[in-house]
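Residue numbers (our numbering), protein chains in the order written: chain A, 476 to 779; chain B, 20 to 376.
Derived by calculation from the structure, the hints in this document are not laboratory data.
According to the in silico footprint, chain A covers these stretches of chain B (three or more CB under 8 Å from chain A):
1. 49-56
2. 68-76
The calculated SDA-like cross-link candidates involving lysine to any residue, where the alpha carbons are at most 20 Å apart (straight line), are:
3. A:533 with B:38
4. B:361 with B:172
5. B:155 with B:188
6. A:491 with B:328
7. B:155 with B:181
8. A:533 with B:78
Where is the CB? At the ideal position from N, CA and C, for every residue including glycine.
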Amino acid sequence: MKIGTLTPGETARRLKSRDGLAWRAGPFVVSLRADVPAFPEQFHLLYGEHRLAEEIGKTNDFRLELARPWGLRRWWRPKVFFEMDGPTRMAPFPLDHALPLFEWGFNYAIATRANQYLLLHAAVVAQGERALLLPGLPGSGKSTLCAALVLRGWRLLSDEFGLLRPGSGELAPLPGSIALKNASIAVIRAFDPAAVLGPEFPKTRKGTVAHLRPPPESVQDQERVARPVWVVSPRFEAGAAARLVPLPRDHGFLRLAHNAFNYELQGERGFRAVTRMTRECRFFDLTFGDPGEAVALLDEMAAS
Amino acid sequence: MTGAATLLVVLRQPERLALLSPPEQEFLLRLARRVGMLGPLHHGLERAGLLATLPAPIRDGLEGGRVVADSRERSILWEVDRLERAFFGTRLPVILLKGAAYAALGLPLARGRLMADIDILLPRADLPLAERELRKHGWLTATTDPYDQHYYREWMHELPPMRHCHRPTELDIHHAILPRTGRLQPDSALLLQEAIPLPGRPEVWTLAPVDMVLHAVVQLFHDSDFGANALRDLLDLDGLLRHYGPTPGFGDRLWARSRALHLTAPLHAALYFLQRFCQTPVPEHARPGWLMRGLITLAMLPDHPDPRRDGMPVRLARWCLYVRSHWLRMPPGLLLTHLTRKGLRRWRQHVWHRRGV
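Work out the full structure: start from the sequences and follow the hints.
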């Protein structure tokens, strides 16, 4: 059963319950408790295609909670905290920013706990089982490009994490919403007027944020792993013509090693995983001003 | 059986985890994560060949914990190597304490043990030289606050923690195993005399096995934060006694040594709790008083993965033990001025610092 088959009211009721609402997010089973107004409707819209976890089992990888404090901050300028088996180091958000808090909190949970994976800081899309990694610093246009690609038929694996299993060298999909920031919200709305976005949250720590709903097919395909084939480092430059420049492999190795959140932590198995990717992937730099042009170039790259 | 009691059973016999229902497994995994014991569990289940039988979230959770523990062990052993280099050509030995020693010796209890920092022991007279050498090689003192500096240098058994400018691992340089202001003052010269070099590595030393045990005893009763690392300290002791205990004459040497270091009372208590919680084979010992028995039995085990949801009696017992450990650390007058000073500093920061005045 999908989250979308529940009514928004039932979603809210389950989020409030003692064990929370549990769903399958890529390789993980996540349970979330939240007693926060407006959040259930937003969550229901963006995560409607995800399967509820009751059919899967009774164990979770993550137990997350959006908790409201007791006392003054429950009522006056109310806040909401992200918790995972107790308090975390995430700073609280204003209550009406619960959705961005959940999205960032879940990323924080993965970055601190999921060390069974080599965690690449990259958006990942795929054609079938051939994956394209888009590593990039914040502001490089990684999420915008990722959104444009999945709106043009690429399969979404994740807009934030390349979850690489060091043993098998496979990437696990984790299709969730894509967080678009500031100007890229309008860019994506113009790029595809049919794109489904959640509400805009102004004045977060990264400016205005709106979340693009993941393509239903990508979510249905979330257990189908992919192999890394292309690594493209995007750089947005206003007005620039799209240009794809191949990189030598030794640069590729350093790009990947520096890009992973937990490369040092993985030790030898991290080194082996990156070596293998360096051998099996092709590396590029991509400069772009218009997402449509960039998508066309990458389609061409994938076809060649 | 409560979650905490099952946790102890599973830590002793990891294969028992595979027999529990998935929700119980998840609860235990979360408890084990709280006390930093995912690594040893993963090791145990791997040896038993049972990892594949576990549900994916349990197996993955254990693996994630193991990766972190292995990485910490690597950084600690690398730090040992760097210390050896920094002290090379001086008369300073590298004498490892606690986790770093267990790892360097390759003891079974070190497998997957989550280590935080590296501790070494030096004669007090050699501290200025050691600090000079370390600074020359890139280590820096982590705190510059004059009161903190004074606190460590005058009253504690260690220097203010140092850290190499390129690495995150904290280095604690001890000249004793208990504070200078404390009630008990085991003689460091005795510990240094009996230190043993690592096989094939004459520059790196550990304490003698009996002294390692006694240091772990002191750690448990005088330095533990019962909400966080007391269980780990107890399991360290369990591991040490299971490893060294069967050596002929070990028990006699342990008692003789505890008398020389004036640590018989805490040793009796530690042996009692080891037998009670871990079924460790231990020499004859006396039972501690009813109050300590009650407090430590309550405080030792976590009730819940979320520390805020431990029961009220548990938290109360921990608070009493916290007060006790401070009581043992300093004479009352000094303790009072120290706490006042710390409290005042916190209050000042809160009110004024935040306003940018």
